[in-house]
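Starting from the two chains in their separate frames, assemble the complex, guided by the hints.
Order-wise, the sequence lines are chains L and F.
With my numbering applied, the first sequence corresponds to residues 1 to 826, in that order.
With my numbering applied, the second sequence corresponds to residues 1001 to 1681, in that order.
Worth flagging that the hints you see were computed from the coordinates, not collected in a lab.
In this text, a Cβ means the ideal position worked out from N, Cα and C, and glycines have one as well.
Some hints could be false.
As the list claims (entries may be wrong) - Okay, the calculated beta carbon distance ranges per label pair:
id, chain 1, residue 1, chain 2, residue 2, range
1, F, Thr1066, L, Glu351, 25 to 35 Å
2, L, Ile398, F, Gly1220, 39 to 49 Å
3, F, Asp1474, L, Leu358, 30 to 40 Å
4, F, Arg1003, L, Gln732, 47 to 57 Å
5, F, Thr1061, L, Asp349, 16 to 26 Å
6, L, Asp349, F, Asn1260, 46 to 56 Å
7, F, Asn1260, L, Pro206, 52 to 62 Å
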Amino acid sequence: MAPTAIDRKRKSVQAEESDVESEAEFGDGLLEGILSQSESEDSDEESNAEEDSDEEELEVDALEALDSDEIPSEDGGSETEDPIGSLVKSNGTKTSVVALREKPLPAEDEDKPNYTITTDANGGERYVYEEIDPVYDSDDSDAPITTNTIGDIPLSFYDSYPHIGYDINGKKIMRPAKGEALDALLDSIDIPKGWTGLTDPATGKPLNLSQDELEILRRIQTNEMPEEGYDPYPATVEYFTGIEELMPLSAAPEPKRRFLPSKHEAKRVMKIVRAIREGRIMPYQPPEERQEEEEETHYDIWQDEVPRPDHIMNIPAPKIAPPGYDLSYNPPPEYLPTKAEKQAWETADPEDREKEYLPTSYGSLRKVPGYEKFINERFQRSLDLYLAPRVRKNRLNIDPASLLPKLPRPEELKPFPTVCSTLFRGHEGRVRSLAIDPSGIWLASGGDDGTVRVWELLTGRQIWSAKIGDDEGVNVVRWRPGRDAVILSAAAGEDVYLLVPPIVDPETDAASRELLDKGFGHATNATQALTANGARKEPVAKWTRPGSRLEDEGVLIKITLRTTVKVISWHRRGDFFSTVSPTAQKSAVAIHTLSKHLTQIPFRRLPGIAQTVQFHPSRPLFFVATQRTIRSYDLQKQELVKIIQPGARWISSFDIHPGGDNLIVGSYDRRLLWHDLDLSTRPYKTMRFHQKAIRAVKYHKGGFPLFADASDDGSLQIFHGKVVSDMMENAQIVPVKVLKGHKVKSNLGVLDIDWHPREPWCIILDHLIAVGRVSEDAPLTIAPFASNNSYLHSEASYPIKVDGCWNVSDLTFNASKPMGDAAFSG
Amino acid sequence: MGRIKKKGTAGQAKNFITRTQAVRKLQISLPDFRKLCIWKGIYPREPRSKKKASKSSSASTTFYYTKDIQYLLHEPLLQKFREQKALEKKISKALGRGDAHDASRLERNASRPEKTGRTKYTLDHVIRERYPTFIDALRDLDDCLSMLFLFANLPSTDTVPAKMIARCERLCLEFEHYLIVSNSLRKSFLSIKGIYYQATIQGQDILWLVPYRFNQRVTGDVDFRIMGTFVEFYQTLLGFVNFRLYTSVGLVYPPKFDKNRDDQGAELGAFSLEGNGVGAIEQPKQITNGQNSKPDPKLQAEIDKLMSQLNQPEKETEQEPQTSQTLAEGDDEEQPTDTIDKFEPAAPGGDILLQPSYSATDPSTLFSNFTFFLSRETPRQPLEFILKAFGCKRIGWDAVLGDGAYTHNELDPSITHQVVDRPPIQVDSEAAEQIEDNQTAQKLIPGSRVPGRIYIQPQWIWDSVNDEELKRPDLYGPGAQLPPHLSPFVKKVRGQYDPSAPLNEQEREDEELEADSDMEEDIPGEDDMAVQQPKLLTAIEVDATAEGMDIAGSEDDESEDADVVDNEDDDFGGFSDAEDEDEDDTADSALQRQRELEAELTGVALEEKVANPKADAKKKAAKRAKEEDEELERAKMMMSRKKRKILEKMVYSNKKKDGEAETLRAKRRKIEKSGKGAPRA
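Pulled out of the complex, with its shape left as it was, chain F reads as follows (with noise of 0.2 Å):
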């Protein structure tokens, strides 16, 4: 016998070390660990006995691999940390002396994030080590977009300084212009909660969501450092994203940023991408309309009859991508003058609307070919971003939205959508008249539409972007109700409810005659475990019709001890369970020969008994559930009790599923029914 082998030096008692112990062992102070914890992507684990891994006798709550913590160890952030630890001591003692430039000469050595919005490290190779690969950045960027699409749209306090929300917000932008210029947004879905989007890049699909636009309410529970944590590694870990995506598509990372412009609200607009030259694809860049300067009308004419001309090749060919220089001369071309009216057409977009099916593989032609114009009251933002990403080059919005529009003017011939969401008001004949009069005049009186294009509510473009196909835009005109909005992110699975697909198709068999038979239509009487047990049971449709039925279950043919049979019932119920409706069947299906047979004697044509299909129904499904339930003990007894359980959670859980799914289809049905259901696209 080997030696006797000391108590916790061995198994999970080595394994697993405690939080304390960690913070110990690294001598650090627990918020300097909190961080590194953060960036290294190390966190707490479960053992598989509390008991065995905690070395004392209280509970403790957090366990760490010990492996984990020794690397913690070596890590140069930690070296770091004690650094500027000893700097802060430094500067409050120069302090305490009252020594005002020795601490303000130290002063400039600390790290200040919170004033400079940056640190004195750099997480680079924290990067570099928790994502071997980019492949393996690209998956973990769920978390990291959405914390920072919510910090570029947070108000700057003393926690979150200005010049990280800054960063965050140019990040997120040039990560939007990589998913325009790339067109890989698949999805997009307005929730109560935010939009989520989702982009496939190299083939991994990366969901993220993006607040609307307000005040994001801040209660007192939420600690900014923490949050300020994940958002520095979040920085980093997207700006080498982002250079490593740019560069992929020939673009020069970081793109040139617009001051001045970004100060005019042209979030997107500000920035301006360039190919780097090695074997770049020159992107096509955005259109914008610049309004300052006014040339000769005269001459304008004649350059814009000419670039019509040169124009039409070039819009048929609109999906490869444009030079720069017909970018430059298309924004000449696209300068709203008076004179340009008799030489475009009216409403280029209506012939192509008109064919229904559209089938658009490629999400870059989806709105290729279409001007939009969104009015003021709907949200510039992500509508600008969607409808880059998704091929449309022309986007013009009211001045109000800030700037970097394709055209600013409402009365724009080129437009051929126009995304509004406010109320439909009746307009009087006199002011129609007056629409007329002032054709030329930049505002349009509220409530009147420019002929020749499609009002549409925001909601067209989000169905149309997630069913890959142009959604009939009568269904979204303005003021009507509009369909559902349903989620692209829900995989259908059998047996769940699909609001999508009509009701009878995704029905049990006999729900409805149930759901009608039953009074109360909310609470659906039937479990379902029916329809998930294997029927075990089927062959017993046994051929009831047998005569010659003896002892058992002729008892009620006896009238003279009929009270003796109540008796027994009492007393032996249980005893069988199918047994009084065997009784019933039996019966039935006896009386029913008898006049078969009888009418072949006489051979009359027995006129077909009209059956209660409701009832028989019920009585049928209630049988089975029987026999099934019986079934299902059987098997069970044989089984271990571990897996007996394993069995019941899972019953347990399909149960609830199809309770939720039955509840939803109920509900529709009474909807259905009452007829004021939305149109369903």
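One chain only, chain L, in its complex shape (with noise of 0.2 Å):
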């Protein structure tokens, strides 16, 4: 603006020049009139006009600003909008040019005073000096400029006044046109710019801000420096790197590397170079797009296959069962659950449930759930595969009839007994022992009431009782082998009675009792064996006769052991038998010799106790049983000749098969055990069928190829085991039967069983005696018996009655103690 101010001066002082151009910039002037008027006259000197303008500059501008400078921008708002009043300017600035040329004309006559002589007011001379321009040194160049010179007073004095105050010259200050009732107008006409809604607290005028301000105060809002174009870190500038040093701080030459290129830095650059020929420096690519780059290549994997057997450890997974009927979601209805399932599944474990689901039958596809558990079915499954130990599991796809041995049909084997056809009953307590002779017509037995009594077998009559022991039972009874005469042998505590009972021909009695009495003479003539010291050593056996009673009743002799006698057993040919007892140390296998009534002890000791003995059915050897083994003795060499170790714990009897080679052994730990003697000293077959202790085993003698076992289960297991000529071939056994329900008291079921010698019938000692007979009743069962002419013969021979069994009295069962104590407490 000072310019123009300028302008408007030498406008004024010079004759005016271009007329149009004042007329258009009047308002200006008009306004700058206000300050310049009064010293119109004096501004010839440029330079101090200058000046003073300058200094002016500063209050107008602070007093436009705050009172009539309003709409500042209006003049730039002119000059954009006419391009007119741009070209005035211009005018204008040309004619400031022009002054500025005009300007040495005053400073070329060198002579003239730095004065003017003006009048005064009384109209004297007075000196009006150039104002001294106070250049760089001049020395009031610290003065401070103050333009208003009234001093420190409050304005308020000049407020009647219409100047504020002088200024250094004297003249007076000017109070700037305010106009306040037509700004307020303006104001309430339109919102001027700058304005801020405030009131200044200074002026109590509405506060306006300008442009700038708003610039500054946003650049402070901002954390900005206020003033635009402020640096507030400039550049250093080095002051003593700045100067260059003229000596050298070292007077050492300069190295020659630093005038040659480094190999070093040569080689690294080179190394780098060739990697990045080669490619194996790639240029740097933002991970984002290194990203997008790594989609999955595909490609064929098995392009070139070679199909590898699995290894032979290798278990694949096992695939998910199919989904059976029940899975459906509309299943047939027998699928569906009843109430009391569904209420079984419900109240179920979840780990004991055999489905994990139940069958539901949802009518139409809109209506089925979301399966519940489909998310833990699959993890279990995913654990199932990594987790499960896998185990190859042979699972035999197989009928299981093919498992079963083939066996021959029963009827093939016929006869054996199935069917019971006679109960023998007369015995007041435990029956014991029981005996057929070997005619087959006779059924001796022995008991607890202290009887021996004889039977006819078919009928179940009784024919004859005698009653030997008088407090202790008959512990067992047993025939002489042999037709030519009939002798039974019966044991009741120690001693061993030797009878004829009186049911034969007399002739067969006679011969019987001669054969018996025969042995009387030896024994009064044998030598008594001395001890060491001489004394008569004590006989081990006594034999007697058992006194008038006893012999009317057909009892002839008594032999007189040590302990208790538990078994007898016969000699083929009849002249010896030997009994067991226990109980007795040394003593406790003793060897009968019937036609010299002598006793021989075989065993002086015996590796356990002596369970019961058999002699060999054709060739002189005697077989004793302990608890664990049964060795075989000969007894022409006398020696030991074999050890059968049948793996029993506990043997209870035993029996030879008739042809010599086989041997069937039963024990306590309920095993039946058949041994080939000639095989092996182990058994050939191990049967456990019982579920309890086995009594007794019995061969049949009479050319059936049938053995039988008693348990105390009381159950009787008839066997068909055939013994073939042929060295290589093994027996055949085959079970045949199982008679089941015998009554079994105080835990004694069956105690003991016999063979008929020639029928397939067998004897069993239940509590009664019963006769077990071939089943089907002989004629029904015609083909098996078609073939066996013996069996037809015999039948022929012996005429049944029908009337089947007779018995002899009401029983009456004494809860008698059981006779397998002694052995069973060993």
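Pasting the structure below:
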């Protein structure tokens, strides 16, 4: 604005060169005039005037900013919208140039005094000096520039004047035009630029801010420097480095290497160059692009597939079973659970459930809900896949029937006993032992009541009875083999009795008596063995007459041993018999000679308790069973031949096959063992079909390939055991029948068993005595019997009475103590 | 004598290694070991003797083969795991130092599959090792597909990243596309768990399960890290399998995937298959129906006329692959306009459907002549897939079911079948009239039907597919009680219950009689051993009429000692089991014989004695059972204990199975008698 102000002065001083322009600029000129009108006369000195106007400028600006310059952009606005205005301005500058050209003119005349003479108020001369231009080195440069010279007094003192003070020249500073009312009106019409709505507390007027002020505020708010273009960190001007040292600090000459290119660096650069060329170093790429790039690549992984057999130990995971009918969303109605099944499923623990789902019928597809356990099941499957140990299990997918051994039909193996045909009643208390006589007509039995009874086998009629044991029961009865005489042996307590029951024809009876009495002479003649000290040795057994009462009944000889006799076993010729009394230590086994009334103790010592003995059916061998083993001795050579080890814990009984090469053993630990003596000392077959101990085993001696065992569980098993003469072939053993239903009293079931010497009948010792007989009552089973002539023949020779069972008396059982006590307690 | 061997240096002790030992040997963490095991297919074994296998005194639970673990030692993945572990350590160290920049730089190298859905390593070599041939891979695809289809339907969580789900979905859809193109889907089954599908690819049967589209219930005991490990492997596997399958049918893999269409729910339709030009069979693409631009109706009519003439021969040879050009033209042809109505037959499928003797051995032709429309209540995705897999090329559905349909217009006259799954609503006559008026309207009044098309429930499609023939649609009408939906995967075993066969074909003889005589039908009294056991004793049917009985069995003739007889019976009841009945039989037959003889003498015809068949049957069965039992026991005696145990186990399981079958038969008999069973197809 300063140059324009000067322009005005120039214009006024000089004759108006261009009036058109001055016209246009009049508005401005008018404003300027307020300040400059008084000094228009002394504005000839240019530099002074310039400085003056500059100083005034500051004030004017401040004032304008306060009140008069409400629309500061108006000037600029008029400029922009009106190109002529700008032209006017350029004209203005032209004029100033012209004025500057004229400037040297007054300076040219040097002699001209630096004052002008004017007339003062009194009409006298007044020297008016030019204003001193305070150049840089003028001494009043530090003086404060004050425009208003009134001093520090309140402005209110001038309220009543048109001026507000005086300037340094003593001229009045006129009050600037205010026009408050007009401004207020304008304000009410439109909101001016920079209007803030605030009131300035210093002036009490509305506070308006200009664009620059707003900009400053913004910068302050945003923590920027308030002034634009201010550089808080200017580049440091180096002081020392800027000065070049004239003298070197070190006198050492520059090394050569400073002038040569570095080989090492060249090497490293070349390395990088090579890497780039070879593509080892890729130009940098932002990571995002890299991720985009790494899309999966697809190729045929099985392009050159080579089948490789699975590793032998590899077990592929089993596939999930395909769904069955009951998994359907609409299953057949029979698959739906009943109410009870449903409830059972719901109450069961989830682990115990057979299926993890409940078959449900939804009717239509839209009603099917999501399956709750889907994820769980899949998760379980994944666990199974990697966590479950795999085992290869061979599942037999065969018919179970094919596992069963092919046994011959029982019909083909007939005859064997199947039906109970006769019961023998009459004993009081437990019956201990039974035997069928060699002719097969009579049955002898002995029991706890101390009697020995002889029955007719077919009818069950009691023929004869003798009470031999007064206070002890009869433990064992055995017939002497051979049909020339009928002799029955029975043991009660320590005594062994030899009886001749009066049931046969007189000749045989006489022969029998003679056989028994024959030995008395021998016994008296025999020399008694002496002990070491010369005393007569106590005989092992005493052979005596039992007394007249018993003699009348048929009991002829009484042999008294030291301990209770449990077993009697006859030699096939009928001259020897052996007894076993397990409780005796040394004399457990005794061999008696009937013809000499002689008793011998063959074994000084036995390993274990003797259980039972048997003579070999054809050879001079003697078998002794102890608890664990069976030993066979040669009687002629008097030596041990063989030790048979059945492997049973406690042998109860054994029997030798009539052929002599096979042996069956029954044991208290429920085993039935078949030994082939030629084969091995170990059993050929072990059968464990009984629930309880086996008491007795017996072969059929009359030609039928049968054997049977009797057990404490009340059952009896009949086997077909065929021994083949061929050495290469094993014996064929087939179970044919189980006879059940015998009563078990005080843990004792079937105690003894015997076979008929010719017929396929067995006699079973229960509490009563029963005869097991061939089933289907002979005429019904024609086919098996047709092949068996001997049976038909014998059938004819023994007419059978139809009325079957005949009983002697009503039964009264004594709850007798079990016989096996001794055996069990050892 | 050689040197005494040290314990634990040979045999089982050396062949097996416990899990702890294995982890220690590999020097990795347990989760890493788990991952390796899953990917490499290494699983624990059950040693014959745990005691011998374990070197410690405490009972170890898991044993691996030492050879397996040694094989893992050379696994390149192991090195990757270690590197990853080191990197994680570096990152945590940097974070601990507060060096965020360093950490983020390192983080870029770290594998973050939960964010990127992709790991730093690939499992390609593992797949190659585990499946040396393609067939091997196909054989193991069951679990892979089931798992990926499940994950494709899961919501994304922080353990299951969205990218993984998207990738699963893509792979599954690609696989479905292959099945559609190659027509290798064979069977499908709607179960309560989900939908089972079976496809046969290169002779391998692949069975997988797809859940219904519901939000899956996730319980806390499911570890998604384990499942994620499986999914990672399966994704790689299915990617390669898909590539191979696509290449084998002459298609480019991966198919082009249109993101926009996928966003609009056009699942299968978002992919566009293209041939790779190497012996390529141009596979028929699905026909879609663009409705956005409506051409000039007159011009359209002209074109339609021409096209319908052209199309006649083409329709007959529809089985042959169409070229893409004809497809494009076909698109135009299918534009539903008003003028097209008179040219199109009203119900093109009508006469075709009337031939019930449709025998399709080729699954690609089962639905090829039909146009299906799926109502909005039907599950679109499985229906679309199964229909397309069985040759259907034009499937329309309601617009709410998503994009990619042949038509969204329910009234499109080319539709031959409409799949509905809503109960029928009775429509009153006014509404019906209104329908007549609104023939051209886009929306139908609920409950009304468009004439000339067949309405069926979804099960019709599944049953038709499984039986490879079109079932009678009247059984599957809207609101009808559907025939039972049977699993096509059950192999018919003789002796097992088969719900599709009539009851009397599979019953044992006399079973019904027994069931009748049994008052409580629920528990069948007869055990089935009788059927199972070998009939050794059948020859026992001896002539019981022979006379001349003696001794045993005639005790009851003696009246005098009846009490004694009773006594005897008590004592010896078990001596012979069949005795009493024998007596009865013999007595009966003897009587009969006597009567016959008398009749012969007198010359009078003897009227047939009306025997009670039920009682007879029962008695006979009991007798036979008894005999067979005895026989069985005899045979068992001669078996070794081991064999006997096996036999008993087998008999037990057989008995159980037979018991189940019998229960089912009894239930069915009851239902059939009450007459409220659903019709059987």
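Query raised in the report: Hint by hint, which ones does this structure get wrong, listed from lowest number up?
Result: No numbers; nothing is violated.
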